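Protein chains in written order, with the UniProt record's numbering: chain A, 1 to 531; chain B, 1 to 531.
It is worth saying that the hints were derived from the structure and are not from the lab. Here the structure is a predicted model, which is why all the values come from computation and not from measurement. Don't be surprised by glycine CBs; every beta carbon is placed ideally from N, CA and C. Treat the hints loosely; a few may be bogus.
Which bits of chain A does chain B cover? Going by a derived footprint, with three or more residues having C-beta under 8 Å, they are [to be verified]:
id : stretch
1  : 13-23
2  : 209-215
3  : 347-353
4  : 402-414
Simulated crosslink set (DSBU-like; lysine-lysine; CA at most 30 Å straight-line) [stated by the list, open to error]:
id : chain 1 : residue 1 : chain 2 : residue 2
5  : B       : K255      : A       : K53
6  : B       : K478      : A       : K478
7  : B       : K420      : A       : K478
8  : A       : K80       : B       : K478
9  : A       : K153      : B       : K255
10 : B       : K268      : A       : K420
11 : B       : K2        : A       : K153
12 : A       : K53       : B       : K358
There are 2 protein chains.
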Amino acid sequence: MKRSVEIYDTTLRDGSQGEGINFSVHDKLRIAERLDAFGVHYIEGGWPGSNPKDIEFFAQARRRRWRNARLAAFGSTRRKGIPVDRDEQVRLLLEAETPVVTIYGKTSLLHVREVLRCKPEENLAMIRETVRYLKDHGRTVIYDAEHCIDGYKLDPDYAMATLKAAAEAGADLVVICDTNGGSLMREVAEVTALAVRTLPCPVGIHTHDDIGLGVANALAAVEAGAVHVQGTINGYGERTGNCNLTSVIPCLTFKMGLKTVPRRSLRKLKELSQFVDEIANLRPNPRQPWVGSAAFAHKGGTHVNAVQKITASYEHIDPALVGNSRTVLVSDLAGRSNILMKARELGFRLHPDMPEVKEILRLVKEREHQGYEYEAAPASLALLIRGVLEHNPELLFTVETYHVSMRRDAQESICEATVKVRVGDQVHHTVAEGDGPVNALDGALRAALVRSFPELRKVRLTDYKVRILDSAAGTAAKTRVLIESTDGHEEWGTVGVSENIVEASLQALADSLEYALLRKNRLRRRHAKGS
Amino acid sequence: MKRSVEIYDTTLRDGSQGEGINFSVHDKLRIAERLDAFGVHYIEGGWPGSNPKDIEFFAQARRRRWRNARLAAFGSTRRKGIPVDRDEQVRLLLEAETPVVTIYGKTSLLHVREVLRCKPEENLAMIRETVRYLKDHGRTVIYDAEHCIDGYKLDPDYAMATLKAAAEAGADLVVICDTNGGSLMREVAEVTALAVRTLPCPVGIHTHDDIGLGVANALAAVEAGAVHVQGTINGYGERTGNCNLTSVIPCLTFKMGLKTVPRRSLRKLKELSQFVDEIANLRPNPRQPWVGSAAFAHKGGTHVNAVQKITASYEHIDPALVGNSRTVLVSDLAGRSNILMKARELGFRLHPDMPEVKEILRLVKEREHQGYEYEAAPASLALLIRGVLEHNPELLFTVETYHVSMRRDAQESICEATVKVRVGDQVHHTVAEGDGPVNALDGALRAALVRSFPELRKVRLTDYKVRILDSAAGTAAKTRVLIESTDGHEEWGTVGVSENIVEASLQALADSLEYALLRKNRLRRRHAKGS
Numbered sequence: 001m002k003r004s005v006e007i008y009d010t011t012l013r014d015g016s017q018g019e020g021i022n023f024s025v026h027d028k029l030r031i032a033e034r035l036d037a038f039g040v041h042y043i044e045g046g047w048p049g050s051n052p053k054d055i056e057f058f059a060q061a062r063r064r065r066w067r068n069a070r071l072a073a074f075g076s077t078r079r080k081g082i083p084v085d086r087d088e089q090v091r092l093l094l095e096a097e098t099p100v101v102t103i104y105g106k107t108s109l110l111h112v113r114e115v116l117r118c119k120p121e122e123n124l125a126m127i128r129e130t131v132r133y134l135k136d137h138g139r140t141v142i143y144d145a146e147h148c149i150d151g152y153k154l155d156p157d158y159a160m161a162t163l164k165a166a167a168e169a170g171a172d173l174v175v176i177c178d179t180n181g182g183s184l185m186r187e188v189a190e191v192t193a194l195a196v197r198t199l200p201c202p203v204g205i206h207t208h209d210d211i212g213l214g215v216a217n218a219l220a221a222v223e224a225g226a227v228h229v230q231g232t233i234n235g236y237g238e239r240t241g242n243c244n245l246t247s248v249i250p251c252l253t254f255k256m257g258l259k260t261v262p263r264r265s266l267r268k269l270k271e272l273s274q275f276v277d278e279i280a281n282l283r284p285n286p287r288q289p290w291v292g293s294a295a296f297a298h299k300g301g302t303h304v305n306a307v308q309k310i311t312a313s314y315e316h317i318d319p320a321l322v323g324n325s326r327t328v329l330v331s332d333l334a335g336r337s338n339i340l341m342k343a344r345e346l347g348f349r350l351h352p353d354m355p356e357v358k359e360i361l362r363l364v365k366e367r368e369h370q371g372y373e374y375e376a377a378p379a380s381l382a383l384l385i386r387g388v389l390e391h392n393p394e395l396l397f398t399v400e401t402y403h404v405s406m407r408r409d410a411q412e413s414i415c416e417a418t419v420k421v422r423v424g425d426q427v428h429h430t431v432a433e434g435d436g437p438v439n440a441l442d443g444a445l446r447a448a449l450v451r452s453f454p455e456l457r458k459v460r461l462t463d464y465k466v467r468i469l470d471s472a473a474g475t476a477a478k479t480r481v482l483i484e485s486t487d488g489h490e491e492w493g494t495v496g497v498s499e500n501i502v503e504a505s506l507q508a509l510a511d512s513l514e515y516a517l518l519r520k521n522r523l524r525r526r527h528a529k530g531s
Numbered sequence: 001m002k003r004s005v006e007i008y009d010t011t012l013r014d015g016s017q018g019e020g021i022n023f024s025v026h027d028k029l030r031i032a033e034r035l036d037a038f039g040v041h042y043i044e045g046g047w048p049g050s051n052p053k054d055i056e057f058f059a060q061a062r063r064r065r066w067r068n069a070r071l072a073a074f075g076s077t078r079r080k081g082i083p084v085d086r087d088e089q090v091r092l093l094l095e096a097e098t099p100v101v102t103i104y105g106k107t108s109l110l111h112v113r114e115v116l117r118c119k120p121e122e123n124l125a126m127i128r129e130t131v132r133y134l135k136d137h138g139r140t141v142i143y144d145a146e147h148c149i150d151g152y153k154l155d156p157d158y159a160m161a162t163l164k165a166a167a168e169a170g171a172d173l174v175v176i177c178d179t180n181g182g183s184l185m186r187e188v189a190e191v192t193a194l195a196v197r198t199l200p201c202p203v204g205i206h207t208h209d210d211i212g213l214g215v216a217n218a219l220a221a222v223e224a225g226a227v228h229v230q231g232t233i234n235g236y237g238e239r240t241g242n243c244n245l246t247s248v249i250p251c252l253t254f255k256m257g258l259k260t261v262p263r264r265s266l267r268k269l270k271e272l273s274q275f276v277d278e279i280a281n282l283r284p285n286p287r288q289p290w291v292g293s294a295a296f297a298h299k300g301g302t303h304v305n306a307v308q309k310i311t312a313s314y315e316h317i318d319p320a321l322v323g324n325s326r327t328v329l330v331s332d333l334a335g336r337s338n339i340l341m342k343a344r345e346l347g348f349r350l351h352p353d354m355p356e357v358k359e360i361l362r363l364v365k366e367r368e369h370q371g372y373e374y375e376a377a378p379a380s381l382a383l384l385i386r387g388v389l390e391h392n393p394e395l396l397f398t399v400e401t402y403h404v405s406m407r408r409d410a411q412e413s414i415c416e417a418t419v420k421v422r423v424g425d426q427v428h429h430t431v432a433e434g435d436g437p438v439n440a441l442d443g444a445l446r447a448a449l450v451r452s453f454p455e456l457r458k459v460r461l462t463d464y465k466v467r468i469l470d471s472a473a474g475t476a477a478k479t480r481v482l483i484e485s486t487d488g489h490e491e492w493g494t495v496g497v498s499e500n501i502v503e504a505s506l507q508a509l510a511d512s513l514e515y516a517l518l519r520k521n522r523l524r525r526r527h528a529k530g531s
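In isolation and in its complexed conformation, chain A is listed as follows:
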């Protein structure tokens, strides 16, 4: 049987320490659900003792079912000088009601003396008592040995004494942390091997990428016997980030032949990476190992030629295994199969040879060049495909004119929108106020449409995202709006692009409502039979 390595995700805790990352409770829940579906073994949701948002996260997470992952709350050993059952931060850890609690403690004498400012023995007692207390309350306890490599270099005996204190108090796992991320592979391997030899419990690894070795150090630890790897999606984290799970998982699986998450999940690795970037509102890094858009792109003439001869010649692995794809080389073909797959997902049946497929592909490329993105907007893609298949069918409604006005003076601030919408022979002219221009326009548009389509009352927006494309152009840059809508049963995403945020929002709103109307009764049925 293959050796297994557990994956412990801390995107929501250590990852959120990264510059420019600010997850809402809702964001965190959405990411946690994806991680659970992906198959990581642990999800560290936050540090309830550090902020109210994390307390709220665990309160909401308790009410959900988790299929694969076990939730972990993060915290520290008790404070010096008080009994563990009086420590507020420890109490909050229990109140998070997670099956797993992860606490960090000091390994380095430097930190014990200069940061904690307590006696070395007191630190050992803090570790021992906190671990035991959490175990007594029925938790699986993971002990993160902070600054473990640096602490070991400074005073190996004391460092090992802290690890033993945790293990002997009942910790289920002791994790070697290279907190400052400045260690070399052989240093990490040495300390890990020693811990594996001497501790009564399994050993894990937690690394950072400060000198560019976050992933390499985790792999070195696994070679030395670690059976648990902590990291974050896309390597988010303080400073240069944590060990990147989107690299370390495929390295462990495909290069070292170990068992991590299910193989079929790995085919969604790129999708997961993009999803998390999207939620964090970060631009995906095209050069990211394994999952970046350029990771299997071939530019050099020789390479492309060789790749055509034998794909293995300039690729270390089949890109599909991590949900990525080769680019450059007949991107036409790759694109076509993508479109066919998407169309099938959306309920259309297309054959590769239909002339419409080529037209759809051309349109998608043209619009993506303009800034549209269909990855997160399948409903807009469905409307585009339908448009080609039915040769520009009549729309169910048309926004003929609109006017949005905002006025602020000393007394008040008013935002008002009017729309004139045509539905067949009827014209609805409506007005609404809102918090901002888009909100007002949304109100006016719905007010107009429910007159003809009362079923739209059930439809509401669940997500609204704006991204500025080519942001260096200042306020004249293009804006991409992504909208998620729901009718209580199903969710769908739409997209709009324009220099004008109001116009881009209107496109995405109109697509969303059009899709809601077409969806069940017409769109699918017609084409499922049709072609």
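Starting from the structure of chain A, add chain B where the hints point.
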């Protein structure tokens, strides 16, 4: 004496294969001059056989003086079936008139058979004859063994025979290349160690970052005896890029204690990295190890507190050694120490015990709870700090009213903004059109202010970012706008938050212009003395 490792830069050749990178001859010369001053040992300028731009580069490079680096022209072994002195590509290598010529040849039987489509013996002859020919013409010859690790795994005897062919024909150095970037550290170390043991010449290493181990694999090879490392600045290169010299050089120097480039050069490492990004027109990666703007950024309150106690506690090295500096991010995780450090960076002098510090902290937390984010908006933070220190000073200008209107009908789409701005006793009432509401408002506000403050003409926006907070609230969600501005010398960031994107943008725009006016003449001077 310390062991030395040679640094071979291929930014201009392999780096230029990266997606989105397109250097002109002039760009290449500027980068080469910087690399020379920095102290790399070799600069690979291009492949004269592959394009006329590279021929031109060498023609111009010949006329310059190189102080530290030796220039290398890159090419391949002769083609199959012709004598080496008839090979056009080899002739162009000599005509580049560089002291060093680097050629690559096939190591892997797979490539010999499927890509070259020649006999294994013919490939050995191609290697031998090309090396000898270039040696006979007085060149230092570096032999790059393409696909060396993969080739070794496939057929170790043949792979080693190719390396020996090169070395015995007189190559000055044989370089182990992990061309597809898919190898693990121990695989690279094994092949390198064998080459070091068996070849009569020194051994180098050339790695790629496809699985996230570009730097780690180069270090593993050096540990196994390699004395020469090939890579690119910022890790540019095909797919996910080459071994990143901005990581590998400081790792070798500071972590492994080896001699590479002069220590004083390393203090300009960040500058070099930024310079090359600028020439390539790429946005610097804030999370880049060693040299990224976030590489020594501290966000968590505990960390910041500890960093102040002892800088070594959460930093693996003094950032000044690589020309970087510590930054402190102000966020809802932050404590008082963050604020004090940040205020100092911004030119204020605060003492921890001043009652204003508590008030500033309270305000920051309150506003971050509302959705403001100061880590990317230090200019807005400076205005906030000033506001507290001066007990709500009078603003230089006030936007008394504004009106924004957008109208679209069948004929046209118009977006217009008016503002009424008070500056002392004067009131300016202006109007402007724009691509969207924010663009129009920006135009009107500037038109108003330049009447009183002509110096604002120089100020322009360089970046405009929008983030929807708690996006699940639909179009009524809060909007955070981050703006970057410049006057051509300095850059500064400001922030605005509101349910209304126009209002949020106006706040950030107003902060930006207020800061531009206060900055030099008032803000700093006053408080540098004042408190």
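* Tell me, in ascending order, the numbers of any earlier hints that this structure violates. => 3, 5, 8 and 10
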